[in-house]
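Starting from the known structure of chain A, arrange chains B, C and D on it as the hints suggest.
Protein chains: 4
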Amino acid sequence: MTLNNKGSEIKGLTDEIIDTGCKGCILDGVLIEDTYAEAFDAYVTSIVITAVTRNLAETAAISATGYATSVAGGGAEAGIDYHITPQQSPDGRPAVSIMMVHPNKKHLQEQVIERLAECVLTAPTVRVFNGLPNATEKIKTTLHYFGDGFEYQTKIRDRDVWGIPCMGGDFFIEKEIGVVKGIAGGNFYIMGVTQMTALTAALAAVEAVWEIHGAICSYPAGVVACDLKFGSLKYDFMKMTTNHLFCPTLRDKIPDSLVPEGVRAMYEIVIDGTSYDNVKKAMHDGIHATCSINGITKISAGHFGGKLGSHKFYLRDIV
Amino acid sequence: MTLNNKGSEIKGLTDEIIDTGCKGCILDGVLIEDTYAEAFDAYVTSIVITAVTRNLAETAAISATGYATSVAGGGAEAGIDYHITPQQSPDGRPAVSIMMVHPNKKHLQEQVIERLAECVLTAPTVRVFNGLPNATEKIKTTLHYFGDGFEYQTKIRDRDVWGIPCMGGDFFIEKEIGVVKGIAGGNFYIMGVTQMTALTAALAAVEAVWEIHGAICSYPAGVVACDLKFGSLKYDFMKMTTNHLFCPTLRDKIPDSLVPEGVRAMYEIVIDGTSYDNVKKAMHDGIHATCSINGITKISAGHFGGKLGSHKFYLRDIV
Amino acid sequence: MTLNNKGSEIKGLTDEIIDTGCKGCILDGVLIEDTYAEAFDAYVTSIVITAVTRNLAETAAISATGYATSVAGGGAEAGIDYHITPQQSPDGRPAVSIMMVHPNKKHLQEQVIERLAECVLTAPTVRVFNGLPNATEKIKTTLHYFGDGFEYQTKIRDRDVWGIPCMGGDFFIEKEIGVVKGIAGGNFYIMGVTQMTALTAALAAVEAVWEIHGAICSYPAGVVACDLKFGSLKYDFMKMTTNHLFCPTLRDKIPDSLVPEGVRAMYEIVIDGTSYDNVKKAMHDGIHATCSINGITKISAGHFGGKLGSHKFYLRDIV
Amino acid sequence: MTLNNKGSEIKGLTDEIIDTGCKGCILDGVLIEDTYAEAFDAYVTSIVITAVTRNLAETAAISATGYATSVAGGGAEAGIDYHITPQQSPDGRPAVSIMMVHPNKKHLQEQVIERLAECVLTAPTVRVFNGLPNATEKIKTTLHYFGDGFEYQTKIRDRDVWGIPCMGGDFFIEKEIGVVKGIAGGNFYIMGVTQMTALTAALAAVEAVWEIHGAICSYPAGVVACDLKFGSLKYDFMKMTTNHLFCPTLRDKIPDSLVPEGVRAMYEIVIDGTSYDNVKKAMHDGIHATCSINGITKISAGHFGGKLGSHKFYLRDIV
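Chains as they are written, first to last, in my numbering: chain A, 2 to 320; chain B, 2 to 320; chain C, 2 to 320; chain D, 2 to 320.
Bound conformation, chain A alone (with noise of 0.2 Å):
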């Protein structure tokens, strides 16, 4: 046990861990398991929200990306990427910037539009503007049907949009949204000695991954409480239960529990992004966070052999 320059952040409870027979690296006193994360390829699209406030375009953003934690699920995955500066943003007011993301390019096209439509065009002072501008392929908002002939096209600084007169106001909306490939799934895991360690750990790495541009957490406060299995042991009809291995009330319970000893609550982090580089910075800024609070004690990620996708994310390049 030292005291290091963090002073009352005490890296006690860390001397066992080395004992656990992983293989990997310590970081601030943390044990990084030498394993991967497994992430597989998906479309990605990002919008940009102006409005008259950074509150109301943030709570537009908030709206359309709700509801969207996992593709498996059926729908898309989404978040709040980045704010924006009125000084930087496409129209002079302040923005925030949502990402989307689907495996399937059509189906990342109805969800940005049924988002858009019931979550956005609703919203009061909001414009809508292509995120990706350099993005070759792109996918069009056909929101402009809605204007029922009224709507026209018209500039706002560089960009062509549609304007679609509303009752609030008249509507914005570029004419085409930038998609690329990208990746979904990057992860890691956290692992502390008490639960509210382990949350603020998870959080404190949400606030970091917020800032990397290009890359979203997409479950609630960006931390994943549950981690489900493929499959069921018990229950035929559920595609995914909760993986048991994982449960720290499980652990003298079941033979073969991977919680190690003296871990009391693990949460993942689950990361989205425009490219295999923002995905790896983002998980190195998350990792490095989390390993700054006291009483973790190991970080580990998730991979299923190859079966969900083709990227890995060597923790022991990342950190």
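One or more hints might be untrue.
To be verified - Listed next, the in silico DSS-like pairs over lysine-lysine satisfying Cα-Cα at most 30 Å (straight line):
#, chain 1, residue 1, chain 2, residue 2
1, A, Lys254, B, Lys141
2, D, Lys176, C, Lys254
3, D, Lys107, C, Lys235
4, C, Lys240, D, Lys176
5, C, Lys176, D, Lys235
6, D, Lys182, C, Lys176
7, B, Lys176, A, Lys141
8, C, Lys240, D, Lys230
9, A, Lys240, B, Lys106
10, C, Lys235, D, Lys139
11, A, Lys107, B, Lys107
12, C, Lys230, D, Lys176
13, B, Lys240, A, Lys139
14, A, Lys156, B, Lys106
15, B, Lys176, A, Lys240
16, B, Lys156, A, Lys254
17, D, Lys235, C, Lys107
18, A, Lys106, B, Lys254
19, B, Lys235, A, Lys176
20, D, Lys141, C, Lys230
21, B, Lys141, A, Lys156
22, C, Lys139, D, Lys240
23, C, Lys240, D, Lys240
As the list claims (entries may be wrong) - Computed footprint of chain D on chain C; a stretch qualifies when at least three of its residues, placed anywhere within it, have a C-beta under 8 Å from a C-beta of chain D:
#, segment
24, 231 to 245
25, 304 to 310
What the hints contain is simulated information worked out from the structure, not anything from laboratory work. Don't be surprised by glycine CBs; every beta carbon is placed ideally from N, CA and C.
Leaving out everything else, chains B, C and D in the frame of chain A:
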């Protein structure tokens, strides 16, 4: 122009309203049109989400009620209903009550289960309780199958819950959630002399509705900026398009515009509730909050001649 | 170690506490030391700030109660007490009730007037009302002199107010604000096995105290991270210095440390209130919220042998 | 009246402005009066507060900069300047940079030390770093005496800090904080056709100023609602009273009102900064953000014929 108790909030620019030929009454200097809101029957459920902190409860609630503005889009209408103090919550922790609404009870149940599985089961430290314990109709929350046989029945205080072992700690969910026949589509329109005036008045209305337990505004920020009419003048394939009669920027371009002179923006507040009385009370409090803002010239409401639903809320009875 | 109803919240690491020799009781697996909090008499005032939106009311309230953690520093102790719905506020708008506290009534009045003049008179759309209308003692709010002769007396509903013409609109302030003899310095200490566990438990306690009308926590986030003792071992010129007996990082370096084994962080909750009963209720609810978090080993309280004040809150009577 | 790119944001009600006889230019349909803001010399310091989460850093920052709107009141002017990502902060954790301002360097130092001792030393998990490492003038942060001899010198990355053992963990503070000669009192006035329009435009201006590193708005929400003049027409004992010439509700009651016809509310944005250029840039971005809101008729600025200070910001040079 008179200087009322509100001082600087000069109730001006309203003199001409009385000349519009509309019948109606005056509330706080604002014309209340003599019309009614038309609303329809819907099943309504109320779900209490608790967590270690209110912020975490709210984060899960926001995700679970996202992308749910209008049943016309296929999904549910949903939103945060109210906050519950630790002292009054089912398990002694801060809580948020959410509402989900759909005319079809089976669809509502599907939405409840899918949204809870995707956005709440996965969220850190949360638990789920029945928000309508006195309702005679119930829907079963079948999330315990995610427990894969490791789930167990227990009690938290007086509630019968399933415990599901998860990575971040055991997840608890009450076995049944109450459902009532409520009402969707209560509404009123706010017309203002500038866009910011109408918007601030709309947001003030939403703040008042938030205080009514059993009533929600499902749109982003609680405000509808784009009123849609059924069908289209021009595009056969569009089920709904902008209500051009209510667009201020079309006022001088079409002969039959319904936008009063001097009105630069209109917003609509749409309210769902567990009962006729709750929706009525929410409309009352929302309209009064709206009329406390200067620069509002007129309040109206939307109806469809009985095509949408059978419930009528006459503004003259409400204010 | 037992698995209680909270499931994953394993109440472990507490077995050894009972061996510390402290007398006391056990609440939810946490040792409640058999000691008491010592508090002192203080004048307390309650001021209601209303605004067009709750956010604007809160912004003014935060500014007016900033830099006011401890009367030891010379100024007042102040904080936000509770929120008031538009439906229940003095003028029908969203409101925030703030509390200001000082042992000297004249000093309290000065602080009230200076803080209102600097932070509330200048804030957009706000008004000020008496939050203790039943109090028999009053202080006059003399801000109407800022009106320079243009001020006027009027009523807002049942309240007698001054109207002061201002640039952004007329500012209204009730003529008198009630003052009561209340209590400052109610407190308890939270000891946890990691810093994040102790901190989360402290924040949960503060959330519970927020719900008590007539009780505030004046420190940032409601939590005291640095406990001070009167005087100094080394520096004559310091009136207060760190309470070294309570510092976890000094535990192994000084012979008389009071930090229990296994405790890595301690936080204090300090509570001021309008009455003994309100402070007691806030302590009760705060301690119960704290003990619902796993990894808390002990709750204690601070006293000074009667040097600080005459009021005692025995923990054994509270929990 | 023209329909510009902003669509529904009809730039109306502005036609008459050009007839007011004021010289000036038109920006986005808004008259920019040909006048200047007068500002004065002040010492400015910048302090970086880091914490485990951004929210905790912000909470301490808000407390430390509260009750600090105007040096006329005796204390400092202070506010949050900008946020710092974990990736760019001095210790890898989320951070907030605050600014404190006073014409007298010694008073500034006293305010810094008192505010840090009362509001930051006591706040959970925070640390304090020099926000102006390149400044040649420094003030010593003497909080280490609170360590009572247990304090120690160490380094966090490249910063020389004191470590002070505390109850919640060791507190770290950089030994010296940079100070520069900056400017206080940069300002402009916003005049709108309704109170809500002027207020929204003011809040939009503040959002733009927030993005400028090295510039703050010290008033609640960044907006001044009550402009004060030096002295009084009626009350000798008042050093400052409402600027009656700028009160919309007095417009028709006094012969010399400076409120233009049709203006119902005015707000002032006051800006302090680390340099003339930063204040100028903040004024530029703030004015542009303001003018993007419809219903703003005029922008002006305040000066006192050189009595207040020696710095002039001509609006015609800024926009």
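Restraint check for lysine 240 of chain B with lysine 139 of chain A, where alpha carbons must lie at most 30 Å apart: 25 Å, holds
For the pair supplied as a hint, lysine 230 of chain C and lysine 176 of chain D, is the alpha-carbon distance within the 30 Å limit? 23 Å, holds
For a C-alpha distance cap of 30 Å, please report whether lysine 106 of chain A and lysine 254 of chain B respect it. Since the Cα atoms of lysine 106 of chain A and lysine 254 of chain B sit roughly 40 Å apart, the hinted pair is violated (cutoff 30 Å).
Would the pair lysine 139 of chain C and lysine 240 of chain D pass a check requiring their Cα atoms to be no farther apart than 30 Å? OK: lysine 139 of chain C and lysine 240 of chain D at ~25 Å, within 30 Å.
Tell me if the straight-line CA distance from lysine 107 of chain A to lysine 107 of chain B falls inside 30 Å. Status holds; Cα separation ~28 Å.
Sort out whether lysine 141 of chain B lies within 30 Å of lysine 254 of chain A, counting only the CA atoms. 28 Å, holds
Lysine 176 of chain D and lysine 254 of chain C were given as a pair; does the straight-line alpha-carbon distance stay at or below 30 Å? Cα-Cα ~25 Å, so holds.
Per the coverage rule (Cβ-Cβ under 8 Å, at least three residues), is the segment 304 to 310 of chain C covered by chain D? Contact hint for the segment 304 to 310 of chain C vs chain D: violated, 0 residues under 8 Å.
With the threshold set at 30 Å, check whether the alpha-carbon distance from lysine 141 of chain B to lysine 156 of chain A stays at or below it. 52 Å, violated
At least three residues with a C-beta closer than 8 Å to a C-beta of chain D: is that true for the segment 231 to 245 of chain C? As far as the segment 231 to 245 of chain C goes, the hint holds, because 11 residues have Cβ atoms under 8 Å from chain D.
Quickly compare the C-alpha distance for lysine 176 of chain B and lysine 240 of chain A to 30 Å and report which way the hint goes. Roughly 21 Å between the alpha carbons, so the hint for lysine 176 of chain B and lysine 240 of chain A holds.
Proposed proximity, lysine 106 of chain B with lysine 156 of chain A (alpha carbon, max 30 Å): Measuring from Cα to Cα gives roughly 46 Å; hence the hint is violated.
Of the numbered hints listed earlier, those contradicted by the structure are 6, 7, 8, 14, 18, 21, 23 and 25.
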